[in-house]
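Q: Now for the letters of each chain:
There are 2 protein chains.
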Amino acid sequence: MYDRMQELSSAQMTKVHDASMELLGKAGIVINDTEALEIFKKNGFKVEGKKVFPTETQVRDALSKVPEKFAIEARNPEKSVSVGGDDFVLLPGYGAPYIIDASGDQREARMEDYDTFCKLIHTSKHIDMNGWMMVEPGDLPAATAHLDMTLSSILLCDKPFMGSPVSRQGVLDGIEMAGIAWGGKDKIMDKPVSISLINSLSPLQFSEEMLGSLIELVRHGQPCIVASLIMAGASGPVTLAGVMALQNAEILTGITLAQLVREGAPVVYGSTSSAMDMKTGGLSIGAPELSKNINYTAQMARFYNMPSRSGGGLTDALYPDGQAGAESALALLNTLRGGVNCVLHSCGILGSYIAMSFEKFLMDEEICGMVRQMIKPIDISDEAIDIDMIAEVGPGGQYLTHPKTFKLCRSEFYMPDLMVRTNHDAWTKAGRLKIDEVAGSKLSQRLAKYEKPDIDPGIEKDLAAYVNSRKNA
Amino acid sequence: MYDRMQELSSAQMTKVHDASMELLGKAGIVINDTEALEIFKKNGFKVEGKKVFPTETQVRDALSKVPEKFAIEARNPEKSVSVGGDDFVLLPGYGAPYIIDASGDQREARMEDYDTFCKLIHTSKHIDMNGWMMVEPGDLPAATAHLDMTLSSILLCDKPFMGSPVSRQGVLDGIEMAGIAWGGKDKIMDKPVSISLINSLSPLQFSEEMLGSLIELVRHGQPCIVASLIMAGASGPVTLAGVMALQNAEILTGITLAQLVREGAPVVYGSTSSAMDMKTGGLSIGAPELSKNINYTAQMARFYNMPSRSGGGLTDALYPDGQAGAESALALLNTLRGGVNCVLHSCGILGSYIAMSFEKFLMDEEICGMVRQMIKPIDISDEAIDIDMIAEVGPGGQYLTHPKTFKLCRSEFYMPDLMVRTNHDAWTKAGRLKIDEVAGSKLSQRLAKYEKPDIDPGIEKDLAAYVNSRKNA
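Protein sequences appear in the order of chains W and C.
Just so you know, we're using the numbering used here here: the first sequence kicks off at 61 and counts up by one.
Just so you know, we're using the numbering used here here: the second sequence kicks off at 61 and counts up by one.
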């Protein structure tokens with residue numbers, strides 16, 4: 061449809077593709093994992109030391125095997141999701157080491173915060189999937205925290221969850237635990253029950269942890285998002301066109317490796333590359349350049365006929381204020397209008413990924429709900445228009461007490477949870493709460509009502525036993 | 061392009077059009093102005109009492125005369141604007157009786173507030189045109205306030221301005237004053253130097269003031285936005301499809317009248333119809349239903365080959381908080397992506413049009429700047445991609461000190477005026493300012509630097525003399 065957002069022509073996307081291939085041929089890409097290098101070699105790829113040089117034919121061959129769409133099963137089958145095509149899933153924030161609380165203070169995140177996010181996701185009307193490392197629990201040993209997080213992800217929420225791509229072992233632990241939950245590892249080998257985030261190390265590298273994780277995930281039938289996060293002007297070129305070519309080279313290499321490990325492996329084309337802030341030298345995720353890239357990323361993924369991941373409720377603000385609202389809304393609306401399939405960071409992020417905020421989580425949920433309503437098509441049938449009714453009400457008439465208004469108002473109109481729609485007097489009488497304060501009051505009500513979803517007690521015991529045995533190994 | 065926002069098919073838009081025509085045939089539309097009724101009668105329209113019943117042929121004939129695009133000249137020719145096609149103009153908030161200040165208090169607006177908005181618009185990087193009645197000055201007599209506002213609009217800002225459609229006399233005063241500014245009324249008869257907002261009175265009515273204003277504006281060559289503001293479920297049907305048919309009937313009637321007064325009169329197809337809030341019974345302008353209608357309005361205007369007006373930075377929040385940021389950003393991005401040409405209410409609105417806020421004005425300006433950057437196409441040439449440079453930097457390299465980064469970073473990246481992009485420590489040291497507080501501090505700096513734009517002293521004297529003579533008449 062007519063849209064002022066830039067639509068890339070097929071020729072432009074081909075140019076980006078060709079540039080990526082030329083780049084891989086000229087510079088190669090550093091693969092910091094012995095098994096991954098072996099896989100490339102075995103399949104006839106040119107390898108020099110740690111550098112791999114994929115060719116057009118090799119990449120095209122791999123791309124031809126990528127599924128356009130796949131499902132991720134939840135332990136509550138009603139909550140299974142579909143990734144690809146017109147479908148989309150909203151996921152929470154990811155990887156934040158800190159919590160910013162209602163007073164604006166920043167503190168290290170703890171395991172209890174992780175659990176609280178699992179509870180919020182379980183009870184969310186708008187978030188479709190549980191995340192991974194919504195916060196990094198600073199109170200747990202780094203070597204085993206992934207076990208506790210995976211346990212909470214499975215027990216506290218019955219939506220599909222994200223995997224733990226912290227290392228080969230982290231992935232294998234996640235697979236074992238999913239196997240317990242689904243009654244055997246063989247049950248999930250051809251059935252995605254999680255999705256995991258594999259990031260490149262820009263420019264033109266992949267770390268050993270990420271490569272090992274990717275290989276084990278794919279080997280066990282679990283989908284990967286292969287994503288790049290370039291900071292334009294620092295870890296990538298200053299132009300967005302250059303960023304697109306560079307990130308595309310990285311993503312295509314990861315996706316190619318996945319297809320070499322297992323043909324037809326479900327993968328997602330991902331990027332959240334953005335601009336460097338020129339004053340601080342830091343990454344800006346509220347930057348409009350990221351919203352441009354969100355749209356280009358979705359277009360490139362469609363060009364390759366595969367699902368995309370980008371965007372979310374992204375902001376550089378350090379508090380759920382007007383900046384957080386504006387930046388998150390712009391990014392989220394761009395993400396969903398642009399056709400992104402996997403929306404990580406939909407809720408909760410503050411300060412360029414540094415922190416999660418419970419109040420911001422609820423605020424972002426409302427934005428998710430609003431955007432869902434915006435993109436929901438309306439019915440333009442004779443019945444929906446109902447000319448006879450409008451003619452009957454006539455000039456100067458009123459519709460407030462019309463039976464049709466009563467009948468349809470709840471299905472036609474979005475009912476906000478947090479947004480203030482009163483007048484100034486009523487707002488003043490209610491204490492002039494700003495939306496972050498409204499969110500704070502709703503938060504405690506919601507957590508008070510949380511109920512842990514049912515699970516077979518045997519499975520719960522086995523999961524706990526697995527975690528304990530691994531901790532004591 | 062691929063977009064999850066609903067694209068109406070030609071068949072769906074034809075259905076809306078046909079429904080509007082059927083409605084006008086069945087119910088008619090009440091025209092509360094003697095001259096307007098005479099014009100319709102004289103042109104062979106069926107008129108019964110105050111009701112007019114336009115036919116398909118009569119409306120189509122009028123529509124065929126509407127220009128697709130037109131220019132509005134500013135007294136500073138560098139600031140003239142174009143309305144229609146891919147071009148858009150951003151205008152400030154309109155019609156608010158109150159100011160909500162930085163403390164959240166609401167007070168009656170005064171003429172000095174109006175003047176302050178003129179100064180902000182004059183110095184705005186993002187607002188293209190001066191508005192009309194950004195606030196309603198409660199300290200001036202209602203009968204003559206339009207004279208003071210028009211004088212300020214012309215003197216304090218050299219961008220194109222909006223006209224005063226308060227009454228026939230209000231319009232004629234505006235024409236006289238524009239005539240003084242342009243060296244004679246004959247100079248503007250075929251040259252738009254203003255645009256004015258003509259609203260229907262839903263359902264299916266036009267007031268005497270609006271009709272008289274429309275006739276005089278068109279007669280003097282000045283463009284009109286013909287707009288409808290239906291509250292779905294109160295002054296219009298509960299379904300958006302019904303609202304579309306009803307508002308279309310109203311808008312087409314106004315546009316038809318304009319073409320009967322003067323063939324080829326520049327007009328704009330406008331709507332900001334939205335939903336009723338089910339809890340308060342009031343109009344919600346932060347509602348996602350309005351953002352849907354923004355898109356449909358732009359599509360219907362393109363269907364008729366004429367410019368559109370909708371949207372803006374719209375919110376129900378009573379303070380520039382996270383809600384204001386989120387709602388305004390959603391509406392503004394939808395407006396600009398959707399292809400709207402005339403964006404009234406881009407900056408400053410709070411509380412469902414009840415108030416303007418200076419801090420919100422600056423916050424919305426930042427959103428306008430970000431959206432402009434988002435929709436600015438990028439260059440995907442070989443030079444912009446620059447594969448040799450990326451290959452040379454190579455795996456693990458850095459771009460921060462690369463000459464190209466220095467050369468292009470200011471043109472490639474949007475530089476925010478208000479948005480915080482520091483870390484938590486720096487934010488804390490700076491006093492943990494939220495964006496509304498940052499806006500407050502920028503506001504006084506900006507107003508302190510304001511300089512009144514040059515104008516011929518003779519013109520300024522004549523304008524003041526006109527205002528005085530009319531006040532003493």
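Since the hints were derived computationally from the structure, they do not count as laboratory data.
Wrong hints could be hidden among the right ones.
A pair counts as met if it fits within one copy or between any two copies, since identical chains are not told apart.
Below, in silico cross-link-like pairs of lysine-lysine (DSSO-like), each with a Cα-Cα straight-line distance of 27 Å or less [claimed, not checked]:
1. K102 - K75
2. K139 - K251
3. K179 - K509
4. K110 - K467
5. K339 - K464
6. K185 - K339
7. K436 - K86
8. K464 - K75
9. K111 - K86
10. K86 - K139
Quantities reported herein were computed from a predicted structural model and do not represent experimental measurements.
Q: Please list, smallest to largest, the hint numbers that this structure does not respect.
A: 1, 4, 7 and 10
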